[in-house]
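All chains should be built: construct the whole structure from the sequences, respecting the hints.
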Amino acid sequence: MSTLTEVESVVVRFSGDSGDGMQLTGNQFSNTSAMMGNDIATFPDYPAEIRAPQGTIAGVSGFQIHFGSREIFTPGDATDMLVAFNPAALKVNLKDLKKGGTLLVNSDAFTDSKIAKAGFEVNPLESGELEGYQVIKVPMDSQTIEALKEIDLDTKSKKRCKNFYALGMTYFLYHRDMKTTLQWMEHKFSDHPQLLLANQSAMKAGAHFAETLEEVVSTYKVSSAKIDPGTYRQINGNTSTAWGFIRAAQAAKLPLFLGSYPITPASDILHELSKYKEFDVKTFQAEDEIAGICAAMGAGLAGSLAITTSSGPGIGLKGEAIGLAISYEMPLVIVNVQRGGPSTGLPTKTEQSDLFQAFYGRNGDAPLVIVAASRPNDCFHMAYEASRLALEHMTPVIMLTDGYIANGTEPWKIPDVDAHYADIKHKMLDPTTVDTENWSWISRDPKTHVRDWAIPGMPGLEHRIGGLEKDFTTGNVSYDPANHQKMSNIRQAKIEAVSENIPLQELEGESSGDLLIISWGGTYGAVEMAMRALQKEGKKVSLIHLRYINPMPKNVGEVIKNFKKVIVPELNMGQMVHLINAKFGCNAIGFNKVEGLPFKIAELHAAFTQALNEV
Amino acid sequence: MSTLTEVESVVVRFSGDSGDGMQLTGNQFSNTSAMMGNDIATFPDYPAEIRAPQGTIAGVSGFQIHFGSREIFTPGDATDMLVAFNPAALKVNLKDLKKGGTLLVNSDAFTDSKIAKAGFEVNPLESGELEGYQVIKVPMDSQTIEALKEIDLDTKSKKRCKNFYALGMTYFLYHRDMKTTLQWMEHKFSDHPQLLLANQSAMKAGAHFAETLEEVVSTYKVSSAKIDPGTYRQINGNTSTAWGFIRAAQAAKLPLFLGSYPITPASDILHELSKYKEFDVKTFQAEDEIAGICAAMGAGLAGSLAITTSSGPGIGLKGEAIGLAISYEMPLVIVNVQRGGPSTGLPTKTEQSDLFQAFYGRNGDAPLVIVAASRPNDCFHMAYEASRLALEHMTPVIMLTDGYIANGTEPWKIPDVDAHYADIKHKMLDPTTVDTENWSWISRDPKTHVRDWAIPGMPGLEHRIGGLEKDFTTGNVSYDPANHQKMSNIRQAKIEAVSENIPLQELEGESSGDLLIISWGGTYGAVEMAMRALQKEGKKVSLIHLRYINPMPKNVGEVIKNFKKVIVPELNMGQMVHLINAKFGCNAIGFNKVEGLPFKIAELHAAFTQALNEV
Amino acid sequence: MSKNTELTYTKKDFSSDQEVKWCPGCGDYAILSAIQTALTQIGRKREEIVFVSGIGCSSRFPYYMNTYGYHTIHGRAPAVASGLKTANPSLSVWVITGDGDSLSIGGNHLIHAIRRNIDMNIVLFNNEIYGLTKGQYSPTTQQGQITKSTPYGSLDRPFSPAKLAFGASATFIARTLDTDSKHMQEVMLEAESHRGTSFIEIYQNCVIFNDGCHSSYVDKQSREDHSIVLTHGKPMIFGSEIKKGIILDHLTPKVVELGETYTEGDCLIHDKTNEMLASLLVAMDANKAMPKLYGVLYAVNDVIYNEQVAAQVAEVKAKKGPADFHKLLNSGDTWHIE
Amino acid sequence: MSKNTELTYTKKDFSSDQEVKWCPGCGDYAILSAIQTALTQIGRKREEIVFVSGIGCSSRFPYYMNTYGYHTIHGRAPAVASGLKTANPSLSVWVITGDGDSLSIGGNHLIHAIRRNIDMNIVLFNNEIYGLTKGQYSPTTQQGQITKSTPYGSLDRPFSPAKLAFGASATFIARTLDTDSKHMQEVMLEAESHRGTSFIEIYQNCVIFNDGCHSSYVDKQSREDHSIVLTHGKPMIFGSEIKKGIILDHLTPKVVELGETYTEGDCLIHDKTNEMLASLLVAMDANKAMPKLYGVLYAVNDVIYNEQVAAQVAEVKAKKGPADFHKLLNSGDTWHIE
Ligand SMILES: Cc1ncc(C[n+]2csc(CCOP(=O)(O)OP(=O)(O)O)c2C)c(N)n1
Ligand SMILES: Cc1ncc(C[n+]2csc(CCOP(=O)(O)OP(=O)(O)O)c2C)c(N)n1
Ligand code: SF4
Ligand code: SF4
Ligand SMILES: [Mg+2]
Ligand SMILES: [Mg+2]
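Chains as they are written, first to last, in this note's numbering: chain Z, 1 to 615; chain B, 1 to 615; chain L, 1 to 338; chain H, 1 to 338.
In short, the hints are calculated from the structure, not lab data.
These figures come from a predicted structure and were not determined experimentally.
For every residue, glycine included, the Cβ atom is placed at its ideal position computed from N, Cα and C.
Mixed in with the good hints, there may be bad ones.
Cross-link-like lysine-lysine pairs, in silico, BS3-like; alpha carbons within 27 Å at most [what the hints assert, rightly or not]:
hint	chain 1	residue 1	chain 2	residue 2
1	Z	275	H	319
2	Z	427	Z	486
3	L	320	B	275
4	H	12	B	117
Quick partial rundown of chain L residues pointing at chain Z, CB under 7 Å, derived from the structure [claimed, not checked]:
hint	residue
5	21
6	104
7	105
8	130
9	133
10	136
11	148
12	149
13	151
This is how it looks when you write it as structure tokens:
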């Protein structure tokens with residue numbers, strides 16, 4: 001009865017209680033798939049911050065993997081297979097399972113009390129509401145315990161192996177090679193031979209059980225993808241960001257200093273950077289976000305590559321200091337890993353609603369550079385770029401990512417850093433070559449308007465800087481009216497001049513047509529997929545996905561002019577579309593969603609189609 | 001030789017050292033003119049915060065009065081008469097004196113050292129550079145001392161009376177009645193008969209001296225203006241703001257609570273409100289701006305009309321709490337008395353560059369109501385309006401003023417508060433009439449989307465509110481995707497619905513034409529004057545001056561459509577023009593200036609004329 | 001506010017309908033229960049009680065209380081509570097906060113609330129870690145500790161909360177522990193009856209990110225040997241088997257064994273109203289080698305900000321008479337145009 | 001950093017070309033002069049010295065120093081300085097701040113810098129008023145004082161800066177006065193040589209908004225009767241005509257007249273390294289009835305944050321060997337596509 005189907009891509013989601021090891025299980029599945037040459041994208045979905053009581057909706061933890069034999073950009077809209085370890089996991093995830101999809105459930109967990117806790121009126125395994133899915137009911141707890149009966153371990157520990165039992169089954173269904181996970185276990189449990197044996201046995205037992213299972217109607221095979229040759233690794237956005245900074249500091253031959261205060265979902269950048277002291281990285285966990293940025297500024301004044309990281313509410317607190325950094329004209333990178341707002345909002349959910357804040361969250365006319373990463377592995381590149389622009393242009397740079405790409409992982413072709421990420425030319429002076437008598441700290445490069453960087457320790461270049469307006473020539477405090485205008489103009493011109501130092505905007509698709517999609521930041525994967533689908537349907541649609549947000553690449557205005565209609569999909573109430581319309585005087589429309597979730601390809605496809613129909 | 005000329009309006013500026021009593025002198029001149037039935041506007045111009053050494057440019061303090069027999073909107077572009085008490089005052093102010101204008105200088109102060117301190121190479125009284133002005137050189141120190149020789153006072157105290165000696169001269173030149181000042185002196189120096197005598201004598205001596213002075217070629221008369229009948233007083237913007245809040249609290253029958261932290265130029269609102277405890281006003285000088293707004297929020301939660309006041313840098317610090325107030329949907333008024341930015345910028349100078357910050361200075365999509373006062377006495381009205389909208393719509397409201405109107409005074413026809421400022425209907429519940437069983441704190445008015453206000457102490461209405469996203473129905477914490485969208489929509493819709501509760505935008509001029517001027521906030525006076533001048537020239541130009549900034553009055557979009565061109569003059573690098581273009585899809589141009597100074601009528605006239613020429 | 005003795009609440013009356021969402025085994029549960037029980041005895045109506053918190057696991061507390069409750073923003077609860085109490089002094093105001101919330105981002109508001117002596121109870125759940133953000137070190141984390149953000153060990157010297165509060169001129173300082181419900185309740189009751197800011201530190205266990213950080217002095221087995229329960233007027237003695245006491249050697253408090261050389265009579269007598277003794281106790285308490293102190297370390301009366309504000313308003317009203325807005329409008333120079 | 005003894009600066013070498021813009025008669029002038037003079041003796045090169053300030057009259061200080069100088073934002077100087085010193089521990093870092101800047105908006109950064117014991121000198125100009133914003137009360141303003149924002153008298157209880165610093169676990173606490181240039185210089189030199197955060201309070205007169213607020217204990221005539229200059233190892237005696245001393249009555253420091261009943265030998269001997277004595281001194285010092293304390297109240301050694309950071313970096317480098325970015329990129333699971 002069981003059939004083998006060859007498919008292009010598959011989406012699997014593991015879901016269970018916080019304590020069920022779902023992140024681990026998902027990671028193993030995705031590593032294995034990557035090793036087997038598939039392209040992948042993953043989406044870990046933690047519960048809200050506090051571990052809720054077992055078995056509740058609030059306590060559900062999930063991990064979704066999309067793997068395929070073609071390029072994969074997103075973790076997938078709907079799932080082909082759902083592995084539900086308890087009723088709450090089923091309740092939360094069923095709506096995303098494709099009709100006809102495979103549902104593997106742990107029937108041992110479907111006790112009356114757990115069913116009730118999940119909010120089901122009746123047992124869904126019996127109520128008929130699972131009709132239309134390929135349901136595989138397995139008493140995972142008991143079968144795992146049974147499979148491990150020979151092993152000398154307490155029952156609780158044996159039960160804990162059920163995630164690998166399920167993983168074994170899933171590996172069988174998708175013709176995955178267990179080798180990678182078996183090896184990983186050997187390393188992980190090297191000090192616990194009993195645990196090693198138990199977990200390995202559980203996985204093998206699961207795979208074996210699946211093989212014999214009558215219910216199993218189909219298995220699926222996903223060939224390896226045609227992928228650029230090279231060495232690959234998986235990386236999530238926050239790690240990628242951290243590494244980008246480490247590399248930028250190396251390229252600039254400067255020490256790296258992070259001043260930060262923990263906040264979800266940005267904390268992992270702090271955690272990651274705190275590991276690499278050998279790279280001359282100092283991390284300073286400050287008493288609050290204000291002290292975080294101020295300490296970073298202090299380090300920047302002392303000659304470090306200065307970074308501060310946070311999320312929306314914390315970025316708000318940094319506004320005054322960002323203004324000071326603008327006024328100082330000093331290099332500083334501010335990372336905002338965006339989450340759902342306003343206020344504390346939805347700390348563990350993703351959103352793009354801090355774009356306005358990045359542009360305008362300060363008093364006065366206070367322009368700075370803004371960049372945004374488009375996907376987990378692009379965080380490396382944009383962190384490097386943010387650092388490069390900060391150092392080359394003596395300016396604070398805001399780098400926007402979001403909870404979705406920060407936590408999401410995807411394969412990353414390890415770049416040739418010696419070729420492409422090797423040399424940042426900052427503005428730090430060599431005091432021995434300066435005519436100290438006639439030097440002023442505020443003297444500028446005539447073309448880029450960028451000032452020099454002199455730091456304490458350099459003899460003869462002692463100077464004083466403050467947040468009061470400065471005289472254009474001497475850098476001293478000035479209340480002169482004309483000077484304030486001049487300084488305001490130069491601050492703006494300096495940022496605009498950065499457009500000479502960034503790549504032109506890439507356009508995907510024809511250079512003219514019916515619909516231009518303008519997207520930015522972490523929505524790239526879904527937008528790209530939706531656009532490709534439309535292009536395949538023969539629609540005249542093109543895409544510019546912005547990563548340099550302020551200033552924008554010089555050709556953006558030109559590109560826009562060649563399309564009949566412009567649509568700006570965003571995970572906010574309409575921020576980029578507002579900026580685009582104000583800046584380019586066009587009548588772009590927005591497609592907006594604020595549900596704390598990334599875009600689905602399907603909803604974008606529908607929105608773009610509708611926009612095309614209205615052209 | 002001396003002639004009497006009748007003129008429509010005159011601009012006089014008193015200028016001297018910080019210690020010379022310029023603010024007092026200016027105030028007396030303006031009070032006298034107001035009492036004589038002129039319309040007036042004044043501009044006090046303090047030095048930067050710290051009292052600089054005597055005789056320096058940085059220490060110059062000035063006070064400008066514009067008085068006339070017609071409506072006066074601004075303190076005037078250029079001065080008809082300058083009274084300069086020392087060389088530094090001359091240096092700073094000469095460029096604003098009209099050619100042919102009168103210059104009264106204290107020649108005693110033109111010593112070599114003071115001349116040098118002011119940055120003159122040679123004595124300007126002798127160098128010929130004052131040619132073209134009507135220069136009246138008077139050794140004020142010695143003449144004052146001489147005039148008071150009979151009085152039993154030390155020389156230093158006598159010398160201090162020289163400002164009144166000069167005032168007496170000025171009164172004579174402009175046919176001012178000394179009565180008001182003489183009476184004021186009686187009150188002021190009631191405990192110091194010697195000082196009273198000295199000051200009165202000095203002023204009279206000054207007037208008498210002017211009368212006999214050969215140099216005095218002309219005196220000027222300004223008839224009283226045709227002014228609305230009523231009782232008038234002078235008021236500056238900060239006092240006006242404070243009083244507006246006191247009245248609003250009375251009208252709402254609520255106590256008033258201000259949580260604030262001192263900052264220039266907003267501190268005077270705190271000072272003013274701290275005087276009126278009999279009105280149930282509590283002022284809380286907090287440890288910082290964050291605590292200021294948070295304490296105000298605490299008081300608001302407890303049922304007070306909650307206010308917080310600051311200027312740009314401090315408003316930045318309040319961003320996170322403003323987001324919380326939006327999330328709580330609670331009434332709160334945040335006043336930003338804008339000053340020059342970015343960063344610490346120009347603390348004592350005026351600017352309008354915090355408009356973007358008001359709209360967007362927070363994480364997430366976080367809409368609120370924004371209003372802006374147009375002139376000193378309009379602060380009363382807009383403070384009342386801000387309070388009314390906050391209380392009627394359960395929302396934070398940002399009220400923008402600026403250093404110029406905050407410190408500037410003008411006559412104010414005392415309003416009939418019983419008729420026009422008498423009743424604010426807030427949303428506070430009467431707990432005895434609530435069905436407490438089925439009540440939820442988040443239940444809304446279906447039309448306005450406004451929730452109820454229940455405060456601690458009300459039995460049966462106990463509830464919990466936080467900054468996490470809330471369930472639309474129960475108000476409990478919710479991470480549900482669809483709910484977040486719904487709540488984001490309702491927060492926006494609620495603010496948009498405020499447009500039903502504000503007056504339609506007034507249009508000055510024809511309802512269609514060549515040029516529409518859109519201005520906002522404290523630039524009203526100068527813009528109005530420039531527009532009137534153009535209308536007199538027959539130009540097809542109209543004005544809408546915005547005081548309700550978000551939401552805007554419903555008819556603004558319509559008005560814009562009927563003009564060929566739109567220009568937005570602002571004291572920033574182009575913020576409102578950006579918003580107007582994004583919102584209405586028009587191609588308005590900006591006229592921008594950031595010099596820390598208000599617009600001059602002439603520069604606006606020129607800019608509008610140029611825009612008209614380009615139509 | 002005078003105590004209303006007619007109220008007969010049970011603990012359940014103070015439980016909201018929200019599911020409690022801390023990790024199983026978290027010390028917060030016991031604190032919640034102790035405070036709910038204590039509230040049945042304070043003689044205040046439920047609607048007059050307000051809980052204000054910042055952000056953190058501990059700060060979710062108000063959601064579980066069937067009183068008025070405000071979950072505010074990180075660190076700012078003392079400021080919100082200050083405004084609330086000053087605006088309406090008749091409320092019973094409780095601030096719930098964590099070691100990160102109150103001592104890291106909220107440190108300034110904490111010391112200023114204490115300085116002003118605003119009449120409220122500040123309850124600090126000290127688990128020496130950031131719980132909600134998953135385990136970074138906090139200002140009370142021990143030096144050298146490995147946490148998420150200190151993979152090579154924390155380098156910061158920790159605050160001693162009691163010492164900091166004393167430095168900020170606290171009028172009431174107490175400490176209790178999540179494993180002793182009765183003691184917690186006693187401390188809460190004494191804190192509520194204190195007039196002025198009551199600062200209460202609770203040793204609280206975070207089972208997930210800092211399990212056992214307090215165990216030597218909170219666990220039933222070892223507690224008695226590593227801590228003293230202070231009682232006003234009683235000597236400072238402790239120990240389960242061997243009785244020990246605190247004596248003063250010149251100025252330095254020292255632990256001695258009671259027996260031949262020293263007797264109870266040699267030990268320091270606790271006097272919660274003695275400022276100088278308190279200054280030694282908080283300094284000693286910060287010393288890790290010394291036993292931990294439980295109970296009320298310090299309690300004195302001083303002027304209370306919210307009372308002073310109310311008094312000043314009353315005074316001005318008495319002096320100036322009823323407020324008249326027309327009089328205000330017409331004050332100073334006015335003129336009339338016909 | 002070791003002292004460079006070959007430097008021969010004069011005071012003028014530390015004056016910038018900017019015109020000093022404080023009010024005539026302001027106490028800030030004397031402090032500026034004392035610090036400029038002290039710097040000629042610390043043996044550090046001018047370019048290695050950095051002044052960091054917040055906002056306030058006092059915070060304009062860096063503009064007048066011919067060193068590196070950063071006038072930052074209100075209250076945040078300790079945070080900026082913390083990063084600066086941690087990034088480059090070889091600098092001599094000075095924070096200049098006012099009572100509003102450091103104790104109001106900047107209170108949290110102050111106590112955290114002190115807690116971490118970052119090696120810098122924090123010099124607080126205490127004029128008990130907000131000078132720059134023209135005269136509102138500050139956290140050190142006396143209760144009842146009429147100021148711009150308290151027309152009916154201030155209601156806040158003031159902080160005692162020394163007590164607060166001690167509560168925050170300061171390792172160095174000193175006080176000096178703007179009317180005694182020599183004493184200021186001595187204190188600055190001792191502060192600079194202290195390793196860790198040196199907290200120095202200076203009584204400073206604001207002639208415009210709070211003239212004479214300190215006069216009884218800073219003016220030449222009355223100073224000796226209302227203050228004690230502490231010297232390590234010396235008894236605490238004071239007084240111009242009648243000699244007085246401080247004795248300990250049980251735990252409470254008391255002023256006695258020296259003569260028949262009490263002699264110098266009965267007086268407390270100052271020991272700046274004694275934590276318990278320091279705890280009594282700072283508590284006593286907050287008492288307005290007692291004489292003011294000048295000199296170094298407390299000075300002990302403890303671990304220094306910036307040193308620990310540097311040591312940890314060195315340790316990790318020693319253990320892990322030279323940093324290799326390629327190794328990092330290839331760490332963990334990788335796979336190869338041909
Ligand atoms: C402005 C801001 N910064 C950071 C955070 C992230 N954050 C939330 S709670 C917390 C620390 C919580 O620690 P603690 O107060 O000790 O509470 P616990 O969870 O341990 O009870 C942090 C850093 C936030 N919510 N807001
Ligand atoms: C964020 C912010 N809030 C408020 C201010 C206004 N401000 C500047 S200095 C100051 C207080 C200064 O007092 P203090 O620190 O005692 O210094 P002093 O002038 O007395 O030397 C205030 C409130 C500011 N510049 N920035
Ligand atoms: S993380 Fe720690 S403090 Fe937070 S709920 Fe869990 S056990 Fe309690
Ligand atoms: S206002 Fe006071 S502190 Fe400021 S410069 Fe003048 S005297 Fe000095
Ligand atoms: Mg904690
Ligand atoms: Mg001060």
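Hint check:
Taken as a hint, the residue 275(Z) and residue 319(H) pair is honoured in the structure, with Cα atoms around 13 Å apart against an allowance of 27 Å. The straight-line distance between the Cα atoms of residue 427(Z) and residue 486(Z) is roughly 23 Å, inside the 27 Å bound, and the hint therefore holds. Between residue 320(L) and residue 275(B) the alpha-carbon distance is near 11 Å, which keeps this suggested pair within the 27 Å criterion. Simply put, residue 12(H) and residue 117(B) have alpha-carbon atoms about 22 Å apart, close enough for the 27 Å limit, and the pair holds.
Using the Cβ-Cβ criterion of 7 Å, the hint placing residue 21(L) at the interface with chain Z is satisfied: the shortest such distance is roughly 5 Å. Against a cut-off of 7 Å between C-beta atoms, the interface hint on residue 104(L) holds, since the closest Cβ of chain Z lies about 5 Å away. Among the interface hints, the one on residue 105(L) holds; its C-beta lies about 4 Å from the nearest C-beta in chain Z, closer than the 7 Å criterion. The beta carbon of residue 130(L) comes within 6 Å of a beta carbon in chain Z, closer than 7 Å, and the hint placing it at the interface holds.
Interface restraint check: residue 133(L) against chain Z, minimum CB-CB distance 4 Å, threshold 7 Å, status holds. For residue 136(L), the shortest C-beta to C-beta distance to chain Z is roughly 5 Å, which falls under 7 Å, so the interface hint holds. For residue 148(L), the interface hint holds, the least distance from its beta-carbon to any beta-carbon of chain Z being 5 Å, beneath 7 Å. The beta carbon of residue 149(L) comes within 5 Å of a beta carbon in chain Z, closer than 7 Å, and the hint placing it at the interface holds.
At about 5 Å, the closest approach between the beta carbon of residue 151(L) and any beta carbon in chain Z falls short of 7 Å, and the interface hint on this residue holds.
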